[in-house]
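Enquirer: From first to last, the protein sequence lines are chains S and Y. Heads up: the first sequence at position 31 corresponds to 140 in the numbering used here, and the numbers run straight through without jumps. Heads up: the second sequence at position 8 corresponds to 9 in the numbering used here, and the numbers run straight through without jumps.
Fair warning: there could be bad hints in the mix.
Restricting the straight-line Cα-Cα distance to at most 27 angstroms, the calculated cross-link-like pairs of lysine-lysine (DSS-like) are [what the hints assert, rightly or not]:
no. : chain 1 : residue 1 : chain 2 : residue 2
1   : S       : K117      : Y       : K28
2   : Y       : K11       : Y       : K50
3   : Y       : K50       : Y       : K12
4   : Y       : K12       : Y       : K77
5   : Y       : K89       : S       : K173
6   : Y       : K30       : Y       : K58
7   : Y       : K30       : S       : K144
8   : S       : K155      : Y       : K89
9   : Y       : K28       : S       : K124
10  : S       : K202      : S       : K127
11  : S       : K173      : Y       : K11
12  : S       : K209      : Y       : K3
13  : S       : K155      : S       : K126
14  : Y       : K11       : S       : K202
15  : Y       : K11       : Y       : K89
16  : Y       : K62       : S       : K173
17  : S       : K171      : Y       : K50
18  : S       : K171      : S       : K144
19  : S       : K117      : Y       : K30
20  : S       : K124      : S       : K202
21  : S       : K209      : Y       : K58
22  : Y       : K50       : S       : K155
23  : Y       : K58       : Y       : K77
24  : S       : K155      : Y       : K4
25  : S       : K267      : S       : K124
26  : S       : K116      : S       : K209
27  : Y       : K28       : S       : K144
28  : Y       : K50       : Y       : K89
29  : Y       : K4        : S       : K126
30  : S       : K117      : S       : K144
31  : S       : K155      : S       : K265
32  : S       : K126      : S       : K116
33  : Y       : K58       : S       : K171
34  : S       : K155      : Y       : K28
35  : S       : K155      : S       : K171
36  : S       : K155      : Y       : K30
37  : S       : K127      : S       : K144
38  : Y       : K28       : S       : K116
39  : S       : K209      : Y       : K30
40  : Y       : K62       : Y       : K89
Everything labelled a hint here was simulated from the structure, so no lab data went into it.
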Amino acid sequence: MNGIDGKKVEELYLKLKKDAEANGYNINPDAEFAKELVKGLLVNEKRYGYISCPCRLARGEKGKDLDIICPCNYRDQDLDTYGACFCALYVSKEVLDGTKVVGSIPESRSIKKGSTTEVEIKKEGRCLLSLPVYRCTVCGYLCARETPPEVCPVCKAKKDRFERFV
Amino acid sequence: MKKEHVQGNKKGDVMLFALSTCVWCRKTKQLLADLGVDYRYVFIDFADKADLAEIEKEIEKWNPSGSLPTLVIDNKECIVGYNPDAIKERLGT
């Protein structure tokens, strides 16, 4: 965990907190805990070139790790089910308000499956839509256009986190 | 791959599979230290490819999801995730 500048941790922590609050998400109110996770994100960025989940083993190949680049594809589902994402950087409103306590939660991802974005979408018959529909694998945002947007307008995930949905 | 050994009271063969960047893994290590338990651990993010395949096979034997932390006791029990109640019950005095 060495070699990570405390100033960088603070900067990324504040950025993630600001983005979360602007988009209806919450960063863990235990700032010390959250900053340890942010430090882990920066360690992974240094190692792999992207901020993969500090609580999951990255493979070091972006295609295989796309689903665990923070915010991961499992965050929203885990927030609904457990009140926190797997590493607990993000928490639900109940946890933020102190009406629910957050703990270590079960893994929603399968190590074997790896990135779900690699799953080929079966084409069933002829598509009658005038445009393909792309889905943001992070937040579920859908859009009908020729190609996915550069950045998800809802959660700010990058283009490579989109999958062809219809 | 070399496993680190933390000296303490022998409560059995306690093996922790962890990630160096994971806060839940750190909490598990801290709890084991607080309980004074003798245990071994390995940070799997530091393992080379050949070692990793073997380590993952071992983890999956106990915890099919392969998630971390995975704590294996006496090669017959497993505690998945940071579960202080289960750890204290099994390894506390």
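Enquirer: Hint by hint, note whether the structure agrees.
Expert: Okay, the hints, checked on the actual structure:
1. As the CA atoms of S:K117 and Y:K28 are separated by approximately 23 angstroms, the hinted pair is consistent with the 27 angstroms bound.
2. Distance hint between Y:K11 and Y:K50 is unfulfilled; the C-alpha atoms sit about 31 angstroms from each other, more than 27 angstroms.
3. For a cut-off of 27 angstroms, the pair hint linking Y:K50 to Y:K12 is broken: about 31 angstroms separates their Cα positions.
4. Using a Cα cut-off of 27 angstroms, the hinted pair Y:K12 and Y:K77 holds, with the two alpha carbons roughly 14 angstroms apart.
5. Simply put, Y:K89 and S:K173 have alpha-carbon atoms about 36 angstroms apart, too far for the 27 angstroms limit, and the pair is violated.
6. Between the alpha carbons of Y:K30 and Y:K58 the distance comes to roughly 22 angstroms, so the proposed pair stays at or under 27 angstroms and holds.
7. For the hint linking Y:K30 to S:K144, the alpha-carbon distance of about 18 angstroms falls within 27 angstroms, and the restraint holds.
8. Between S:K155 and Y:K89 the CA atoms are separated by roughly 36 angstroms; this puts the pair beyond 27 angstroms, and the hint is violated.
9. For the given pair, Y:K28 sits about 25 angstroms from S:K124 by alpha-carbon distance, which is consistent with the 27 angstroms threshold.
10. Taken as a hint, the S:K202 and S:K127 pair is honoured in the structure, with Cα atoms around 15 angstroms apart against an allowance of 27 angstroms.
11. Note on S:K173 and Y:K11: the hinted pairing is violated, with a Cα-Cα distance of about 40 angstroms set against a maximum of 27 angstroms.
12. A threshold of 27 angstroms between alpha carbons decides the hint, and for S:K209 with Y:K3 the separation of about 40 angstroms lies outside it, so the pair is violated.
13. Distance hint between S:K155 and S:K126 is fulfilled; the C-alpha atoms sit about 21 angstroms from each other, no more than 27 angstroms.
14. Of the pairs offered as hints, the one joining Y:K11 and S:K202 is violated, with about 42 angstroms between alpha carbons and a cut-off of 27 angstroms exceeded.
15. At roughly 14 angstroms between alpha-carbon atoms, Y:K11 and Y:K89 fall within 27 angstroms of each other, so this suggested pair holds.
16. Proximity of Y:K62 to S:K173 is assessed by CA-CA distance (about 22 angstroms); at most 27 angstroms being required, the pair is judged to hold.
17. Restraint check for S:K171 and Y:K50: satisfied, since their Cα atoms lie roughly 17 angstroms apart, inside the 27 angstroms limit.
18. For the hint linking S:K171 to S:K144, the alpha-carbon distance of about 24 angstroms falls within 27 angstroms, and the restraint holds.
19. Distance hint between S:K117 and Y:K30 is fulfilled; the C-alpha atoms sit about 26 angstroms from each other, no more than 27 angstroms.
20. Restraint check for S:K124 and S:K202: satisfied, since their Cα atoms lie roughly 19 angstroms apart, inside the 27 angstroms limit.
21. Restraint check for S:K209 and Y:K58: not satisfied, since their Cα atoms lie roughly 35 angstroms apart, outside the 27 angstroms limit.
22. At most 27 angstroms may separate the alpha-carbon atoms for a hinted pair to count; Y:K50 and S:K155 meet this at roughly 19 angstroms.
23. Of the pairs offered as hints, the one joining Y:K58 and Y:K77 holds, with about 15 angstroms between alpha carbons and a cut-off of 27 angstroms not exceeded.
24. Among the hinted pairs, S:K155 with Y:K4 is consistent with the structure: their alpha-carbon atoms are about 25 angstroms apart, no more than 27 angstroms.
25. Between S:K267 and S:K124, the direct Cα distance comes to roughly 16 angstroms. Compliance with the 27 angstroms bound is thereby established for this hinted pair.
26. Distance check on the hinted pair: S:K116 and S:K209 sit about 31 angstroms apart at the alpha-carbon level, beyond 27 angstroms; violated.
27. With a C-alpha separation of about 14 angstroms, the suggested pair Y:K28 and S:K144 falls inside the 27 angstroms cut-off, and the hint holds.
28. In summary, the hint linking Y:K50 to Y:K89 is not supported, as the alpha carbons are separated by about 34 angstroms, beyond the 27 angstroms threshold.
29. Straight-line distance between C-alpha atoms of Y:K4 and S:K126 comes to about 37 angstroms, which puts the hinted pair past the 27 angstroms bound.
30. Annotation: proposed proximity of S:K117 to S:K144 holds, straight-line Cα distance about 10 angstroms (limit 27 angstroms).
31. With a C-alpha separation of about 21 angstroms, the suggested pair S:K155 and S:K265 falls inside the 27 angstroms cut-off, and the hint holds.
32. Restraint check for S:K126 and S:K116: the C-alpha separation of about 15 angstroms stays at or below 27 angstroms, so the hint holds.
33. Restraint check for Y:K58 and S:K171: satisfied, since their Cα atoms lie roughly 23 angstroms apart, inside the 27 angstroms limit.
34. Only pairs whose Cα atoms come within 27 angstroms are accepted, and S:K155 paired with Y:K28 is accepted, the gap being roughly 23 angstroms.
35. In summary, the hint linking S:K155 to S:K171 is supported, as the alpha carbons are separated by about 13 angstroms, within the 27 angstroms threshold.
36. Using a Cα cut-off of 27 angstroms, the hinted pair S:K155 and Y:K30 holds, with the two alpha carbons roughly 24 angstroms apart.
37. Of the pairs offered as hints, the one joining S:K127 and S:K144 holds, with about 14 angstroms between alpha carbons and a cut-off of 27 angstroms not exceeded.
38. At most 27 angstroms may separate the alpha-carbon atoms for a hinted pair to count; Y:K28 and S:K116 meet this at roughly 24 angstroms.
39. For the suggested pair S:K209 and Y:K30, the alpha carbons sit about 25 angstroms apart, so the restraint of at most 27 angstroms is met.
40. For the hint pairing Y:K62 with Y:K89, the CA-to-CA distance comes to about 23 angstroms; that is within 27 angstroms, so the pair holds.
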